[in-house]
Amino acid sequence: DAGVIQSPRHEVTEMGQEVTLRCKPISGHDYLFWYRQTMMRGLELLIYFNNNVPIDDSGMPEDRFSAKMPNASFSTLKIQPSEPRDSAVYFCASSLGAGVPLKLFFGSGTQLSVL
Amino acid sequence: QQQVKQSPQSLIVQKGGISIINCAYENTAFDYFPWYQQFPGKGPALLIAIRPDVSEKKEGRFTISFNKSAKQFSLHIMDSQPGDSATYFCAASPGGSGSRLTFGEGTQLTVNP
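If you read the sequences in order, they're chains A and B. Straight run, no breaks: the first sequence in our numbering ends on number 104. Straight run, no breaks: the second sequence in our numbering ends on number 124.
Hints listed in this document are in silico derivations from the structure and should not be mistaken for laboratory results. Idealized CB from N, CA, C, for every residue including glycine. Watch out, some of these pointers could steer you wrong.
Computed beta-carbon distance windows for the label pairs [unchecked claim]:
#1 29(B) with -8(A): 29 to 35 Å
#2 94(B) with -8(A): 36 to 42 Å
#3 -8(A) with 108(B): 17 to 23 Å
#4 14(B) with 11(A): 39 to 45 Å
#5 69(A) with 65(B): 43 to 49 Å
#6 53(B) with 47(A): 23 to 29 Å
#7 86(A) with 21(B): 32 to 38 Å
#8 94(B) with 76(A): 36 to 42 Å
#9 5(A) with 68(B): 36 to 42 Å
#10 5(A) with 90(B): 50 to 56 Å
#11 29(B) with 47(A): 35 to 41 Å
Under 10 Å between C-beta atoms, here's a sample of chain A residues computed to sit facing chain B [to be verified]:
#12 37
#13 44
#14 45
#15 49
#16 80
#17 89
#18 93
#19 94
#20 95
#21 96
#22 97
Let the sequences and hints guide you as you build the complete structure.
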């Protein structure tokens, strides 16, 4: 299995631009998580889905952030408009719900820089 | 109350030595405590985890010790190897499912040859 696949690996954009991060979970996994990692705040849960349905989005920082999961094999995290303080590494993780507690498998992340 | 406090921030150990990383929490609803290992440029990977019904769990060279009354848990790496050099994160989650992990700040471990 290829694991969780995230794209792009690196994204550099200018303030005010729209940014879309993409994630392909491990096939068969029914949970998908979006995390953000910064030096100041560490690893933070932004949102997670179960069977493509958002379950908890309380970690989404503000309305500029949105996440979708149109099918079991694809999710996006969109920031519009982007701001310099959004610069971070964004991780996607997936898990199989049949194993509780959930074992999260993380992707390699997207390094986002907003100038 | 949602925080998980981790120490030390960085740790240098000689090859063959014991690495010890500590975490403390306040939220008594937490009932699942995993440790994750992260190498540069990679996402975190689950290393070992414990539930509060046991005080210790061992997997190979890695051991979690859990003190429910003190609300503390720690990771011990025995016979530390240079390949163990990475950042380690403790985490905690309520509800038993592990779906809402709160991570500690991370410990950068360096094992010198």
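Tell me, which hint numbers fail for this structure? 2, 4, 8, 9 and 15
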